[in-house]
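Asker: Residue numbers (this note's numbering), protein chains in the order written: chain W, 1 to 478; chain Z, 1 to 478; chain X, 1 to 478.
Note that these hints are calculated values from the structure, not bench results. Treat the hints loosely; a few may be bogus.
[Unchecked claim] Facing chain Z, from chain W, some residues (calculated, C-beta under 10 Å):
| no. | residue |
| --- | --- |
| 1 | PRO14 |
| 2 | SER343 |
| 3 | TYR344 |
| 4 | GLU346 |
| 5 | ASP354 |
| 6 | GLU376 |
| 7 | ALA378 |
| 8 | PRO385 |
| 9 | ARG406 |
| 10 | GLY414 |
| 11 | ARG448 |
| 12 | HIS453 |
Cβ coordinates follow ideal geometry from the N, Cα and C atoms, glycine included.
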Amino acid sequence: MSQSIAADPNRLLPADPGTRSIARNLLSLVEELPILSPHGHVDAAMIEQDTPFPDPATLLVTPDHYVTRLIHSSGIPLDRLGAAGSGTPGAHGTTPRDTWREFIKAWPLFEGTASGYWFRQEFEHVFHVDISRLDQQPGEATADAIYDELNARLSDPDFRPRRLFRDFNIEVLATTDDPLDDLAAHAALAADPTFSSRVLPTFRPDAYLKFHTPDWAARVELLISAAGDGQSGYAGYIRALENRRQYFVEHGAVSADHGSKTALTLKLSAAQAQELFDKARLGKATAADADVFEAHMMYEMARMSVADGLVMTMHPGVFRNHHTPTFEAFGADMGHDIPVPVSYTEALRPMLEDFGTAHGFHFIPFTIDETVFSREIAPLAGFYPSVFIGAPWWFLDAPDAMLRFRSAVTETAGFSRSSGFIDDTRAFCSIPARHNTSRRIEASFLARLVVEHRVSQERARKIIVDVVDGAPRRAFKL
Amino acid sequence: MSQSIAADPNRLLPADPGTRSIARNLLSLVEELPILSPHGHVDAAMIEQDTPFPDPATLLVTPDHYVTRLIHSSGIPLDRLGAAGSGTPGAHGTTPRDTWREFIKAWPLFEGTASGYWFRQEFEHVFHVDISRLDQQPGEATADAIYDELNARLSDPDFRPRRLFRDFNIEVLATTDDPLDDLAAHAALAADPTFSSRVLPTFRPDAYLKFHTPDWAARVELLISAAGDGQSGYAGYIRALENRRQYFVEHGAVSADHGSKTALTLKLSAAQAQELFDKARLGKATAADADVFEAHMMYEMARMSVADGLVMTMHPGVFRNHHTPTFEAFGADMGHDIPVPVSYTEALRPMLEDFGTAHGFHFIPFTIDETVFSREIAPLAGFYPSVFIGAPWWFLDAPDAMLRFRSAVTETAGFSRSSGFIDDTRAFCSIPARHNTSRRIEASFLARLVVEHRVSQERARKIIVDVVDGAPRRAFKL
Amino acid sequence: MSQSIAADPNRLLPADPGTRSIARNLLSLVEELPILSPHGHVDAAMIEQDTPFPDPATLLVTPDHYVTRLIHSSGIPLDRLGAAGSGTPGAHGTTPRDTWREFIKAWPLFEGTASGYWFRQEFEHVFHVDISRLDQQPGEATADAIYDELNARLSDPDFRPRRLFRDFNIEVLATTDDPLDDLAAHAALAADPTFSSRVLPTFRPDAYLKFHTPDWAARVELLISAAGDGQSGYAGYIRALENRRQYFVEHGAVSADHGSKTALTLKLSAAQAQELFDKARLGKATAADADVFEAHMMYEMARMSVADGLVMTMHPGVFRNHHTPTFEAFGADMGHDIPVPVSYTEALRPMLEDFGTAHGFHFIPFTIDETVFSREIAPLAGFYPSVFIGAPWWFLDAPDAMLRFRSAVTETAGFSRSSGFIDDTRAFCSIPARHNTSRRIEASFLARLVVEHRVSQERARKIIVDVVDGAPRRAFKL
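Pulled out of the complex, with its shape left as it was, chain W reads as follows (with noise of 0.2 Å):
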């Protein structure tokens, strides 16, 4: 048996005895449950075409900008980690090596966050590479040691994502894609006898819907020319967006997902929203016509998802590419969207007073300022239909969040209106621990109200069951 920390059976439980066996008993109940991961961003061509993994630093540390922005606050320049403009790591004369040598160099930096917890379940459970000699010599050597293995592990023709995905158990994985894009590698995995699992699409029409996207209006020209049913100007974006909504749900997408500047709904006129739009394609759009505009798309998109069913997700507050210098050198997803304070209650109104109660409608918001849980969402899905609470998101997907995010949200609102834990990861790899974590955490949540005699043990496991399995099937309607 493995000496990694990451091993212990006890990881993530409460210290005191009594709750931790407890605790055990409530997670025995669902660690082996199926991985549902409604909100992700893994590309559905990867599994589609069984595409072998790249070497360790490739796979694991330049793709990851949660990973890559912690490495970067130490000083390292963030080419010396696989960045670069043309998207192609090493063009700055970094080989893989080069930057794996600088993550394991970082390695310390981890302890404590989250990512350096799932990186020591990921080597321990998919990689089977015991890490635990970092504790003792984080050196070049050890380094370089690591890296061989994973190289070799990676490089078996057995470790590949249809079989990992299947080690994995996963039974649902939904990925995040352009309105536009022809769905092609989910349409081939639901066709394809061998491949028992669902991959489903997800509507992201974000860079559509905001004035000051890179190519805001020559996209705009494209969706209205591909989906807007021969109608031109708002009328044909209107439709184009639905017409598109409609295709990913023929492809099996339950979810629309967007992330919005505010929480700011507003219903407009046609005529209003035909100005700014039309402002817009001119390029005369100001900053406050594109937040008006905004906000009245997500009305919009509340009144299409009423229609044809999909699940409205949100998650606004952050303030993308804070730093332009290194927006400039590497573009976006780069670690520096930094959160900003959001509020819900009255911005979501618009939409709430038309859209709350009505039939089948889904909301789900999330959100990076904890400050709401206990404030604004869970006294919101405490009362409507249709919100459903965000599981703890980005920055807050980690142990000690998530129970301060069920310790803020259960009293008001209880566990049936929680959306279920969502991974919102690109790292395949690390999606077991990611979900391993969050029921870990809700077994020690549990454990506690159990222990405090507030919640029977009879209901307690009956609870768990329901929040890992029923409610992400109940909220994104799987």
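Since the structure of chain W is provided, determine the placement of chains Z and X on it from the hints.
Answerer: For chains Z and X alone, kept in the frame of chain W given last:
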């Protein structure tokens, strides 16, 4: 002895055995102390007339919007729960037994919530009905059986408000009353030699201070003619408020309560205030006018409190009646009052500049925005002799939230600046459960400080008595 | 051995026996390490001249507005605590012994507070006076007895600043100084071969950057004539600030500290800045002008820090002198500085755009608005090499708040991005208690991560040494 978790003597106490044992010891000092309830919504006439309780659904479900909201969130329309435009349960053809069945069907929704915990306590300790069977078989047969048992209990002639009042060991119970209420029930109780407790009115003038209250102008007309000493206009309005406060003082009131929109206070000149007041009476006031006037009236209420000694309580930061269709169908208090961010530091300054150190002035801010506990309320109460820290209120009146509250305020302001617990309830039968919950949490928090050698056991024993019994007497001048 | 809870070796450590034992082990690695105090308010001249301490009240009560504020909140006027317009204790006829009696009478107010905890530690470990008797009999006789014991101790010729400095094992102590201070005491200490520790000045230019400071124009006049190299106006002002910073650098300063109103930074053109500056010198600047200019000067201070290497610390978000009557009677720093909401993400952007990755630039934001820990500060420090996470400060410099802080930031930013502990105190004798508290909390937090198998014991042992000793050296360039 009951097998229910609600009967466990360790309920809500910390898991660690050493800490739990100290908590038990501390709890034993306060568990049987009389109940002081300086803020709530029980009907004084019900006590005075010793009105028999209605059926279980009409008593426990329909009027408790904290309960109906959560059932509503699961998709049950409010009229299935007894709500009606007319206020008459059953108006939509739903019988109390139907409502009760919906409630029991929804029972799992309340696991982990404050309401669920109170219900378990109430069933165990007030109604002596064993509901632990709900943990196994929450079906319709169980629902009916519990309904019938409760009904039998409720129609027992010994099971009446006055008898329970004595059984609950309530020493003081404050109600919440309209400024024009004649307080006849309060007077009758005070004059009744067979009733030895105190039932005190609370002056709640919200409807007269907010221009947008339905019938504001008519209410104000009535107020002025009833108590304006013959003066008219703004002067008569102020005079009438002063007079009615005096009437409340003479009937035993100790506090005036304010559900203001924000925490803003403003000192207008009499001429400025009169101008807004006159504009509003003509129906021409804007939303901004209403906000300014309300802020000014908060200042005025403080001024009057300094003069007449009524403790001033304020609980801003709630967006009332968030979902207009629900408001239009069922009226106010239907579970869709949703908190918004609040800030006190600058907002209260005009008032605290003038009255913050005024002799005998007591100001108690409540909040459901947890962010202000450590940031603003504890620092304000740690300087101003007039400011007391309002107990966790509404959505925050729950075990975990109370512990977060104590952790957030104590290190800055100690224990002496707290308002003491308030139950804020209209659910008379839940009063013991609510106070007992608070006492268990105080014991839990203090026990941890003892175990961490931050407070000596001798001092902790004194503190818990002061927090439970001394603080509300001091803050509310009981 | 003392019976005081302050002497217990397990004080502040977690209740769970297994976790406590690991915490004890971790604590043993750092408890005796030298004290690094890179930010505080001790008077360098007192060290240099080895000034005897005054009586207990004048030493421990009167100058500590964190203490007097809480006694004030209980209704005791500030002049009973030694405060006076003139700054002379006793000016209002109150003797130090009177003040001390008020303090001991108020002793129970401090139970559970950070101040109360520090006092117990200080009495036990610095003054060797047993105050556990206060837990039983906090009367006047006890007050007088403790006063006399302390007085005897304080007049012992061995009980002097330099001796304590050595006993406390202080390696580095930073003071806070006016830009025009000649730093003579610092120079004398540096030149003194009998004094082997480092006492460093800190450049604190607030009074020269805020138009509304009393005597701003006169101060600026003096600054320009003293250090403007003959230049006048805005150019002379900037030059003088640069020159005085250089003077501080030459006298050992490692940081410049900024108590800005908000976190806003702005880059004005020299012409724009000059216009505001000239307007202010004519006494015509508005409040908005002052805000803009201060934000611009924060940008300028960052620019200068990049050039001269001084670490830039910032602690915005406090409403100073909230109660004007108290300010007018007693001046600043009387305990009514009250926090307001703060946000960094957008506010710091102009500065971080230009200097966020500048070589050698260190920026340390502090906060007393806890909401920013997980939402903004950890994400910013997890990307920008220049941003370090300021330790919990002021009201948050307390055991529970420190644990909340670690829980909020670590999962996102790990341990490496922390500033290390700062005591920020003018109470010299409390320094060991404050640092020891921090070390115990770090041990408690890490022990939990070890028990939860999130960090290995080997790594935890390295981390705690780095957090206590490495972090402040790294962040403050010690």
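Asker: It remains to establish, for every hint, whether it holds in the given structure.
Answerer: Going down the list of hints, with the structure as the test:
1. PRO14: OK, holds: PRO14(W) within 10 Å of chain Z, min 7 Å.
2. SER343: holds, 6 Å
3. TYR344: holds, 8 Å
4. GLU346: The hint holds - GLU346(W) has a Cβ within 10 Å of chain Z, the shortest such distance being about 6 Å.
5. ASP354: At about 9 Å, which falls below the 10 Å cut-off, the nearest Cβ of chain Z leaves the hint on ASP354(W) intact, so it holds.
6. GLU376: At 6 Å from the nearest chain Z Cβ, GLU376(W) passes the 10 Å test, so the hint holds.
7. ALA378: Holds - the Cβ of ALA378(W) comes within 10 Å of chain Z, reaching about 7 Å at its closest.
8. PRO385: holds, 5 Å
9. ARG406: holds, 9 Å
10. GLY414: This hint holds: GLY414(W) lies near chain Z, its Cβ roughly 5 Å from the closest one there, short of 10 Å.
11. ARG448: With a closest approach of 7 Å, the ARG448(W) hint holds.
12. HIS453: holds, 4 Å
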